[in-house]
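Chemist: Chains as they are written, first to last, in our numbering: chain X, 20 to 197; chain F, 23 to 399.
To be clear, the hints were calculated from the coordinates, so they are not data collected in a lab.
Misleading hints may appear alongside valid ones.
To be verified - One side only, chain X facing chain F, incomplete, derived with CB under 7 Å:
#  : residue
1  : A42
2  : Y43
3  : T53
4  : I55
5  : P56
6  : G79
7  : S80
8  : R84
9  : Y100
10 : V117
11 : P183
All C-beta atoms, glycine included, are put in the ideal place defined by N, C-alpha and C.
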Amino acid sequence: MQNEIIVSGFGGQGVLFGGQLLAYTAMDHGLHVTWIPSYGPEMRGGTANCTVIIADEEIGSPLVRRPGAVIAMNKPSLDKYEQLVKPGGVLIVNTSMVDRSAEREDINVVSLPANDIAEQVGSSKSLNMVMVGALLSALPVFPLEAIIESMDIHTPERNKRFLPDNVKALRAGFNHSA
Amino acid sequence: MTKELIKGNIAFAEAAIRAGLQAYFGYPITPQTEALEWMSGRMPELGRAFVQAESELGAINMVYGSACTGARTMTSSSSPGISLMQEGLSYIATSEVPVVVVNVMRGGPGLGNIAPAQSDYNQAVHGGGHGDYSPIVLAPANIQELIDITYESFDLAEKYRCIVMIAIDGSMGQMMEPAELPPFREIKKEHPAWAIVGAKGRKPNLICSLNIDEVEHEKVNLRLLARWNQIRKNEVRFKEYYLDDADFAVVGFGTAGRIALSAVRAAREKGIKVGLFRPVTLAPFPEKQIEALAARMKGLLVVEMNTGQMLDDVMRFGKDLSPVRFYGRPGGVIPLPEEILREIEALATETIPADIHPRDLWFDRLTAELGLTYEAA
Chain X
20 MQNEIIVSGF
30 GGQGVLFGGQ
40 LLAYTAMDHG
50 LHVTWIPSYG
60 PEMRGGTANC
70 TVIIADEEIG
80 SPLVRRPGAV
90 IAMNKPSLDK
100 YEQLVKPGGV
110 LIVNTSMVDR
120 SAEREDINVV
130 SLPANDIAEQ
140 VGSSKSLNMV
150 MVGALLSALP
160 VFPLEAIIES
170 MDIHTPERNK
180 RFLPDNVKAL
190 RAGFNHSA
Chain F
23 MTKELIKGNI
33 AFAEAAIRAG
43 LQAYFGYPIT
53 PQTEALEWMS
63 GRMPELGRAF
73 VQAESELGAI
83 NMVYGSACTG
93 ARTMTSSSSP
103 GISLMQEGLS
113 YIATSEVPVV
123 VVNVMRGGPG
133 LGNIAPAQSD
143 YNQAVHGGGH
153 GDYSPIVLAP
163 ANIQELIDIT
173 YESFDLAEKY
183 RCIVMIAIDG
193 SMGQMMEPAE
203 LPPFREIKKE
213 HPAWAIVGAK
223 GRKPNLICSL
233 NIDEVEHEKV
243 NLRLLARWNQ
253 IRKNEVRFKE
263 YYLDDADFAV
273 VGFGTAGRIA
283 LSAVRAAREK
293 GIKVGLFRPV
303 TLAPFPEKQI
313 EALAARMKGL
323 LVVEMNTGQM
333 LDDVMRFGKD
343 LSPVRFYGRP
353 GGVIPLPEEI
363 LREIEALATE
373 TIPADIHPRD
383 LWFDRLTAEL
393 GLTYEAA
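Here chain X stands alone, though its shape is the one from the complex:
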């Protein structure tokens, strides 16, 4: 078993943390996982992304050309990754930040207005959690409750106040696409 997930969006949309949350949960499940950011000038302003690979054996390449799943939080991410998703893969699109529909018909496209959903349930800052929730619904790498538990374990005390909004956003994203 190997799942390759790319999380992509603007810097500030919680791209790196969205990926880390998947990585923490994989680790807590005793799975092998790699998390690798794109780094460099991209981090200041442009599109930021990270690649998460989850497997049940030692992971070779931490990077892939054709991921099984992509979370596209903005338009540049959709443009960059739509054609790269493996046939039969999953593409989660944040329609709040995108002015076109995904074109691929050989993949499972889930479109949802993540900014709006996040704002409705608590805070627009939790849009990354809405997207991760939607991903888990389309690609059940692990159950939703597992990711909530891992988030609780790995959130430092000083940030615990953000937990309730994040959990609500995760559930909202999960249920939106369920």
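Following the hints, complete the assembly by docking chain F onto the known chain X.
Modeler: The following block gives chain F in isolation, referenced to the frame of chain X:
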């Protein structure tokens, strides 16, 4: 102990601290800076020495001075910074003081870029500073291995009174993987007999890289070589994957090695009996193992993130025994599993011309694919 999700740069920094690191000197440079940042918080907190020097030259000379006291000392940097340190490393080598250096390699030559590369192989293994010396060079390929190697590197450096260089690349510095950190070791309380720590009541020790008497200095050179021969005998390390029934083998270190692992698995799914040999010590190089591997295989594929630096070492020990093919991406480009899979398929089906160097064949293939033309050789 439980696993933590930990980033490469922080993993080696914390592993060094737990190994009883007493002094760290460095200067910031991407993609290694998180290590220095981590040290700047942790070392003072533990009452140990940390200095962000004025430059890499300053840092390596502070390392030199600190190591002369017998304290567990390290620095880390990335390619251009490691180049600046070479004079100091040569002095350290001739002074026979133990030091650990981490090079988080990036795209060169020159200032290059901050993308991952393996183009300092020759500098680390065959070159570096002037004079006759060889550091131990270790190339881990995942975060746990990076932690374990760093933790042990101080013992190696002290055992052989030599430089241990840990060579990783920017992607390992930035990557997070679950890994287990080792327990804290106690800080050493006793100084080695050679250390410069004050000579009250005994004859003073002298550590000096200047040795005007050439006959005496010849002996220093021979002592360094005698120690290196011990290292060659005792410290060769490597990892093997799927080689038991293999007809072909990929040889790659560090990140290139682990990327090749994905390609090897994909090739196995297509029925090609291929395995992976991953050198962990680049120096001492697994000479005998490469020889034995070449003797067993119908072909070898060397994969690197450079223009074929380790390739020359593989050729040295394997080329008379097996055809060798090369694939590399220099300058900060990361080869992906699909590219290596293609090379494995070609290795298994095509005949390799014996009279053309694998680097020349690869150069023609890659430049044709990239649509680049250069003046013919």
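Chemist: None of the hints should be skipped; say for each whether it holds.
Modeler: Now the hints, each set against the structure:
no., hint, in the structure
1, A42, "holds, 6 Å"
2, Y43, "holds, 6 Å"
3, T53, "holds, 5 Å"
4, I55, "holds, 4 Å"
5, P56, "holds, 6 Å"
6, G79, "holds, 3 Å"
7, S80, "holds, 4 Å"
8, R84, "holds, 5 Å"
9, Y100, "violated, 15 Å"
10, V117, "violated, 27 Å"
11, P183, "violated, 23 Å"
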